[in-house]
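There are 2 protein chains.
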Amino acid sequence: MPLPAALLDTLRDIFRDDALSVAEAERLAYAYDNSRLSASPDAVVFPTEHAQAGALVRACREHHVPLVARGRGSNTTGATVPVAGGVVASFERMNRILRIDTDNRLAVVEPGVLNGDLQQALEPHGFFWPPDPSSAPWCSIGGNLACNSAGPRTVKYGSPRENTLGLRAVAGTGEGFRCGTYTSKGATGYDLTRLLIGSEGTLALITEATLKLTPKPSAVRTLRATYTDVGAAARAVARIMAQPVTPCALEFIDDVALKLARDHAPDAGVPVAGALLMIEVDGEPDALPASAEAVAQAARGDGLLELRVAETAAETKALWSARKALSPAQRKLSPHKINEDVVVPVSRLPELVDGVKRLAAKHALPIVSFGHAGNGNLHVNLLPRDDAERERAHAALAELFALVIALDGTLSGEHGIGIAKREFMPLALSGETLGLMRGIKAAFDPDGILNPGKLLP
Amino acid sequence: MPLPAALLDTLRDIFRDDALSVAEAERLAYAYDNSRLSASPDAVVFPTEHAQAGALVRACREHHVPLVARGRGSNTTGATVPVAGGVVASFERMNRILRIDTDNRLAVVEPGVLNGDLQQALEPHGFFWPPDPSSAPWCSIGGNLACNSAGPRTVKYGSPRENTLGLRAVAGTGEGFRCGTYTSKGATGYDLTRLLIGSEGTLALITEATLKLTPKPSAVRTLRATYTDVGAAARAVARIMAQPVTPCALEFIDDVALKLARDHAPDAGVPVAGALLMIEVDGEPDALPASAEAVAQAARGDGLLELRVAETAAETKALWSARKALSPAQRKLSPHKINEDVVVPVSRLPELVDGVKRLAAKHALPIVSFGHAGNGNLHVNLLPRDDAERERAHAALAELFALVIALDGTLSGEHGIGIAKREFMPLALSGETLGLMRGIKAAFDPDGILNPGKLLP
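If you read the sequences in order, they're chains A and B. Residue numbers for the first sequence follow full-length UniProt numbering, beginning at 1 and rising by one. Residue numbers for the second sequence follow full-length UniProt numbering, beginning at 1 and rising by one.
It is possible that part of the hints are untrue.
FRET-style restraints, in silico, Cβ to Cβ [as the list claims (entries may be wrong)]:
1. A:His125 x B:Ala314: 48 to 54 Å
2. A:Pro289 x B:Ala39: 57 to 63 Å
3. A:Gln120 x B:Glu399: 16 to 22 Å
4. B:Lys216 x A:Gln297: 28 to 34 Å
5. A:Asp18 x B:Lys216: 43 to 49 Å
6. A:Pro457 x B:Arg96: 31 to 37 Å
7. A:Glu315 x B:Pro285: 49 to 55 Å
8. A:Glu123 x B:Glu423: 41 to 47 Å
9. B:Gly116 x A:Gln243: 24 to 30 Å
10. B:Lys362 x A:Gln120: 46 to 52 Å
11. A:Pro289 x B:Val272: 57 to 63 Å
No wet-lab data here; the hints were simulated from the structure. We put the CB at the ideal spot given by N, CA and C, even for glycine.
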C-alpha cells in the first residue's frame, strides 16, 4: 500500500533525496532480517540526526502509518520485519562515536555504530563494552539495545541493561526525551533507560546512547573440557557457577553440534565427545592460575573425558572458531532452522538438556543445543530438513517452551520476542503482567505506530 | 480524616485484629521517617502475605484512599511519610527469607527482611547481596528496592537495579503480578523489574523479590590517603577510577566532616587533613597486592599527605567507624541538617567540591561533603544551626542543584526524591521525560492512590 501523498511530501521535507527511498529494490532490501521472514515496507528512510527522528515519528503518527526502526537486521526473531508495511527507519548512517570518556568510564554513541567498531575504538584505551553477540562485527549498538542482545561475556559482565547509563530517544508520541545519567549511579525518577532496552523499538526510537565501559582484564585463560554425555557437562556447569570464581565465558556444545562443527571445519581440532565446555577466566595475571584452578576443580567430576588448558593463542582461536562456526553450519544443514535461546536457572540445565534429547527422539528431528550455559541460556536449534520435519518441529517447539517454563525459565535469554515468540508470551507472563506492559506501550505510543505486531501478543 | 466505615470493615476482613490499628499512638509511630517530616495516617496495617496486599490495594482503590507502603522508614527524603493521610502498609512482619539458592546465585525474600539479616544468612554460604546502605542493620530489602538504595560497595558491585532478578508485586490497579526471571539473563518483554526499583512505592507494592547474589571476595585490603585539600583528593578519585582496577569502596571525607568525626569519636584515630580517601580493594589473595598497588599508584599525586595501608582488622574497623559516625555527628550539630546525595561524573568531582566550598562561604553556612566518590556521589550536607541559617540553607540548596546539573550530574545518587527533592525534578528532567513517567504512573495506578505527593512533581 503506497504511503499517503501528504506523508511522502513531509518525508521529502525531512530527508534529503538520498536518505529516502520508495524504490522497490531498496524496499526489498529492508523487507527482511536474519529471521528469514520478509514483508515489504512502503518507504525506507535513513535518519542522521535526532531532530529528523522526531519529525519522522510525528509525521507517521499524524498519518497513522507504521514505523519500524532498524539497525543491521541481524536479529533472528523478525523484530525488524515491517509486517504491517509503512516506513522503515534504518539508522545505519547515524553512526558516529560522539565521545569516548574513559575518565568517567563511558562512551556516547549514535545508534548505528557497529558493536565491533566501538570495541576497536575502545581497544587502545584499555576498555570494552561487554555485550558481544556473535554478530558483533556487523550488528549495531542500537539493535543491541533494542533487543537486549548479549553474548558469551554476559555471564560475568552483564547484558546491555547492566551496561547502559542513559539514552536519548523519540517516543511514539513524537516527543524527544533523555533518560538516565552520565553517572554510574542515579535515583532520580523511574528507570526509563532499562525500560527502552529490550523493548524492540515498540516504545521509542533510540537516537543516542551513553554506554558504561569496563576496564579490559589484562589476561585471559581458556579451558576446554569434554564429557561423555550432555548431562555430565550440564552438571559441571552448575558446579562451576556455584563456586566463587565467575568465568568470563562458559559455553556448552552438545554432541550433535560438535559433529556439525567438525564437518564444517575439519581442521579446527573439534574433538569427538558427548559434550564440550569452553571456559574462559580473566583477571590480573597474578590471580589467573588460582582462578583457573578453582574453575577446573569444579569442571572435574563424573563423566569428564579430558580437561585441558589452551596453551597458545592459536589453540584458543581454534576453539572459538569452532564455536562461532556453529550457526552457519546449521543454516547449511537446514535453511529453515528454528533458532531458540531459552534460559533456565543453571541448576536446571541437566533437566533441560535431557528434555531436549527426549524431544528430538520423540519428534524424530535433529536438534542441537549449545550456548551460554553459565547463564543457563541455551541455543536450542531445531533443524528440520523437509516439510514433514518442519511440521513436527512446530509441535516440538511448543513442548520445549512448556518444559522451560516448568523449569522456572523463560522464553528468551538474549534474542528477544519479535514475531517469532509473540504467541508464546502468555506461557511466560500472566495476563496481569502483559496488561501492565500494554499500559506502558499505550503511554509511549498511543497510536500504536511503532513496530506493530511485535513483542506483545 | 477518618477512613470510610465501609473501607474499615473491609480492612477488618483482610487483617486480623493485631495487624490493623487506628489507634493514635500507632498512627503517630508510622507518621514519620528519617526525613524528620511527619503526617499522620488514618490507619496502619501489617500485611504478611501477597493476597492481603492485593485485597488491600483493591479496597483502597475502591474508596480512593491513599496507600503508602513502608519498610523501616530509614529513608531521608520523606518517601514514606503519608502526606495525604490514608493507610500505611508496614511490611515489617512480612519478613521471611523464602529461599537461599546458591546453585543459582539467588535468594527469594519477602520485603520486610532486613538487609543486615539477609547478609548474615548469606555469610555461611560465601555469598552477599551488594547493596549496603549505612542503615543496613535496620533497613528492609523492600525499602532498598523502592528507593534503589546503594552504599559504598556500589562502585564495584552496582545498586539494587543491577542486583535484582525479579519481583512479585501488586500494582495500583489492585492486580498482582510477577516480573523478571529466576535466571541471570532474560529478554522476554519490557523490564518491569527495574521500573519498580526506585519508584518509591508510587507504582506497586513489592511483596517478594528474587535477588541476585554475588560470591564474597576472599580478601579485602583497606587504604587510607590524606590530602592537603579537597581538590587534591577529588583529583585522586578521578585518577583512581580512570585505571583498570575498580575498588570495592572509594569514600571521600572533607575537612569539615573529618573535624566532626574527630569530635564525635576522639579515639578513632581520625587524622587532621584537608580531605581523606578510604579505599578498599577486594579479590583473590594472590591478586590483592598488585591491585592495591595499582590503586595506590593512582592515589599518589599533588597534595598527597600520607598514604597508608590498614595493617590490622582493628585499624580497618576504626577507619570505617569514623566514616559511619559522620551522620549521627552531623545530626547532633544540626537537628535540621539537609542531607543531599548529588552525583556528578567522577571527572567533575573537583569542580563539585570547589563549588560546595564556595557555596558554604557565600551563604556563611557549615556544609560538609563526604560519601561515595567512586560513583561521583557525594553527601553534601547543609548544617544550619538556627533559623537564619536555615533560610540561607534553602537558597544554597537551589544553587547546589543548579551546579550539579551544570556538571552533567543529577539530583540523587541513592536517596531518591520523595518529598524533599520533588520540586527540583524539572531541573534534572525535561517536561517530555516527566510526561512519560506520568504516563507510566497512570498505567500502574490509574486512581493515583499509591504514595501520592511523592517523586513526580
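Evaluation of the provided hints:
{"no.": "1", "hint": "A:His125 x B:Ala314: 48 to 54 Å", "verdict": "violated (40 Å)"}
{"no.": "2", "hint": "A:Pro289 x B:Ala39: 57 to 63 Å", "verdict": "holds (60 Å)"}
{"no.": "3", "hint": "A:Gln120 x B:Glu399: 16 to 22 Å", "verdict": "violated (43 Å)"}
{"no.": "4", "hint": "B:Lys216 x A:Gln297: 28 to 34 Å", "verdict": "violated (18 Å)"}
{"no.": "5", "hint": "A:Asp18 x B:Lys216: 43 to 49 Å", "verdict": "violated (57 Å)"}
{"no.": "6", "hint": "A:Pro457 x B:Arg96: 31 to 37 Å", "verdict": "holds (35 Å)"}
{"no.": "7", "hint": "A:Glu315 x B:Pro285: 49 to 55 Å", "verdict": "violated (29 Å)"}
{"no.": "8", "hint": "A:Glu123 x B:Glu423: 41 to 47 Å", "verdict": "holds (45 Å)"}
{"no.": "9", "hint": "B:Gly116 x A:Gln243: 24 to 30 Å", "verdict": "holds (25 Å)"}
{"no.": "10", "hint": "B:Lys362 x A:Gln120: 46 to 52 Å", "verdict": "holds (48 Å)"}
{"no.": "11", "hint": "A:Pro289 x B:Val272: 57 to 63 Å", "verdict": "violated (44 Å)"}
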